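> Spelled out from the first residue to the last, the chains are:
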Amino acid sequence: MAGTDAPQMITLAKGLNQGLRAAMEADRKVLVMGEDVGRLGGVFRITDGLQKDFGEQRVFDTPLGESGIIGTAVGLAVRGYRPVCEIQFDGFVFPGFDQIVSQLAKLHYRSQGKLPMPVVVRIPHGGGIGAVEHHSESPESYFAHTPGLKVVACANPVDAYWMIQQAIACDDPVIFFEPKRRYWDKAPLDLATTPLPLFCSRVLRSGTTATVATYGPTVRTVLDAATVAEQDGHTLEVIDLRTLSPLDLAPVFDSVRRTGRLICVSEAPSEVSVTSEVAARVSQECFYSLAAPVLRVTGFNTPYPPAKCEEDYLPDLDRVLDAVDRVLAY
Amino acid sequence: MASIFALPDVGEGLTEAEILSWHVTPGDTVTVNQIIVDIETAKAAVELPSPYAGVVSELFVEPGATVAVGTPIIAIETGAEPAGATGPAPAGAIGEEGPSGRITTLVGYGPRTATVARRPRTAAPASPPAAAAAGPGLAPLAKPPVRKLAKELGVDLRTVSGSAAGGVITREDVERAAHVVDNGGAGSAAWSGPESGLDSGRGSSAGQHRETVRGVRKATAAAVVASAFTAPHVTMFLTVDVTPMMELRARLVAQAQFRDIKLSPLAFAARAVCLASRRTPEVNASWDEATGEIVYFDYVHLGIAAATPRGLVVPKIRNADRMALRDLAVALDELAVSAREGRTAPADMLGGTITITNIGVFGIDTGTPILNPGESAILALGTIRDMPWVVDGAVVARKVCQLALSVDHRVVDGQQGSQFLAHIGTLLSDPAQAITF
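Taken in order, these protein sequences are the chains called A and B. The numbering of the first sequence is the numbering used here, which starts it at 1 and goes up by one. The numbering of the second sequence is the numbering used here, which starts it at 1 and goes up by one.
Hints were generated in silico from the structure; no laboratory data involved. Computed from a predicted model, the values in this text were never measured in an experiment. We treat Cβ as the ideally placed atom computed from N, Cα and C, and that holds for glycine.
Looking from chain A toward chain B, a few residues come up when the C-beta cut is under 7 Å (computed):
| # | residue |
| --- | --- |
| 1 | Arg45 |
| 2 | Val228 |
| 3 | Asp318 |
Derived CB-CB ranges, DEER-like:
| # | chain 1 | residue 1 | chain 2 | residue 2 | range |
| --- | --- | --- | --- | --- | --- |
| 4 | B | Gly101 | A | Cys309 | 14 to 24 Å |
| 5 | A | Met9 | B | Arg119 | 24 to 34 Å |
| 6 | B | Leu138 | A | Lys308 | 39 to 49 Å |
| 7 | B | Arg119 | A | Ala169 | 43 to 53 Å |
| 8 | A | Thr193 | B | Val46 | 33 to 43 Å |
| 9 | A | Asp53 | B | Thr31 | 21 to 31 Å |
| 10 | B | Lys262 | A | Tyr288 | 44 to 54 Å |
| 11 | A | Lys308 | B | Val46 | 23 to 33 Å |
| 12 | A | Thr235 | B | Met1 | 53 to 63 Å |
| 13 | A | Ala329 | B | Pro136 | 27 to 37 Å |
Sample of chain B residues lacking proximity to chain A, with all beta carbon distances greater than 12 Å (derived):
| # | residue |
| --- | --- |
| 14 | Pro51 |
| 15 | Thr66 |
| 16 | Pro140 |
| 17 | Asp173 |
| 18 | Gln208 |
| 19 | His209 |
| 20 | Glu211 |
| 21 | Gly292 |
| 22 | Asp327 |
| 23 | Met387 |
| 24 | Val390 |
| 25 | Val395 |
Input sequences plus hints: build the corresponding full structure.
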């Protein structure tokens, strides 16, 4: 893509597609592999057109076996390739979990630094698309808990474009979460702007009433809530965490020291999760600034429900606003 | 195979729509997303695109008719095999908004595209969950920034009672406690003696002025109210000839060990209280309402009510019962100096077991002292005057002093209080009796 063009409106899906394309153009060692990523272009069309342009040697369909996809990628990485694996849906990653945790996360360490593992595992996560079981989960905490893995979550088209390229350029394995119900959100992509580094959180909106930290699909939910909260005279400071491992919490600490209140939002169940970690770290670092306990707005500690019930499960604008009322009541 | 297209919900929760006009007739060939019909809903007139490609075989609804959402309105012969309602959409439609207002996906109904509006707000404001119980042995309840403030101001939160719901300590509580510390003590009051003026918060109008109740005054008020309306007070009086005590005092101050020491009648009274309490342990005890027990102390932490320029404070002499008269005199003098200079530490005002209030310094004969909260006895020491006194049938001038003892009648019966007061009287009127205690 030319860098001088005027900003173009792209969807998050298109941002990923163009980011993958840019990475493949920049480095011949970048490969794309996964179920239906080739001829079909992926069920969400993220890899649309890549096989046509880069060939079946670099963009190839795999059997329906996630363990094999990750294991193959590990071997390719040992031989100097930079594979980008697509896991078709969040709930499909678990057959590959052993390869990710036992091999991908450990080889660099096990080889005393001789074997970097520049593998990206792309996982569409979260619900809200009315899908059946295994298609709407938020498994990011499993990976953030594992040393040796980097875990990031993009939330908008611009981040999607840049973060996928940065993840591919990273020599460590990166679990790359994509908010599947936001694939078709649009934003202007200006290639002239300098992207934020990969492992950084970002303040999206300034405010003084309370800090709301979130990532992935609920970033837009929280931004919508912040807009509505203005009707109540509340200004919410919204932070997109972007990186879940390592967490970049310095901006969150700075914000909480000003607002005294933190709400952490995620679709994942709350117990022993990314939001737990944020709450614990903020309690430790900002203890004397907290005017209310850290509240979390999350999915429930249940299996993801059937599609017809999912809107009662997912954190929505009203649940975020309720949490704002609750932190202000202390 | 004909595909049936039913009227979709084109808005949020619409239930019906009127068919305005058809753009197609049976036999027409249509493509995906081609506009086939105009409808009017409660919100707006909209055009509906075809979800199918094929040939129109039948129109089910006449223009002008109002039909419910879900009613079949058109059949299109697609030539394809029948597909389920959630079957794969045409490949070209992935990521496009479908007729139901959702984006078409290969799996699932697809995400909604409509902006989510907030639901009506409930009128009731959110309230935080009730605080955990406050009480002895538990960590004090306070928000972290209040803890920080307390630390900075040197306030021990365990000494502050919380004014918020559930006993939670507020910023104002800490600031008030800090103000008290500044003023020389968080006094629990035993005696409402003359008060010095408060230094701020004044407002005035004709013939009167108002002062905000704060600091020592506020603490004093709270303490005396708590005590007076909790512990049933009984006060008893005894007038004693303390001439022998004063003679002893005159002899002692001439001795080397008492040189440079202020040996006041209060020191004798303090010693007498310590000695006498051994024989009547009920006066050196506390009524514990929470546990339903009476706590007897093996030690005497003797409170001395002291009027200071900033108000009444009651610092304690720890383990006063283990002190000889000389040590008591020294401790009393130090305590008086500290109180006057406002240097009494908050910790020095806690944990008393019995109190003496020396109202004699004001030239007063006697009064009815109010117990320090939690204690069972308080002795008021009146002024010592030259008074006519009958000695061996003759009226002579003697040094005479009135004693008043208030006790918590829940703990101390009249007999025990009388005995205690009589013992003090004996010790002051005939100090040599101390050798028998």
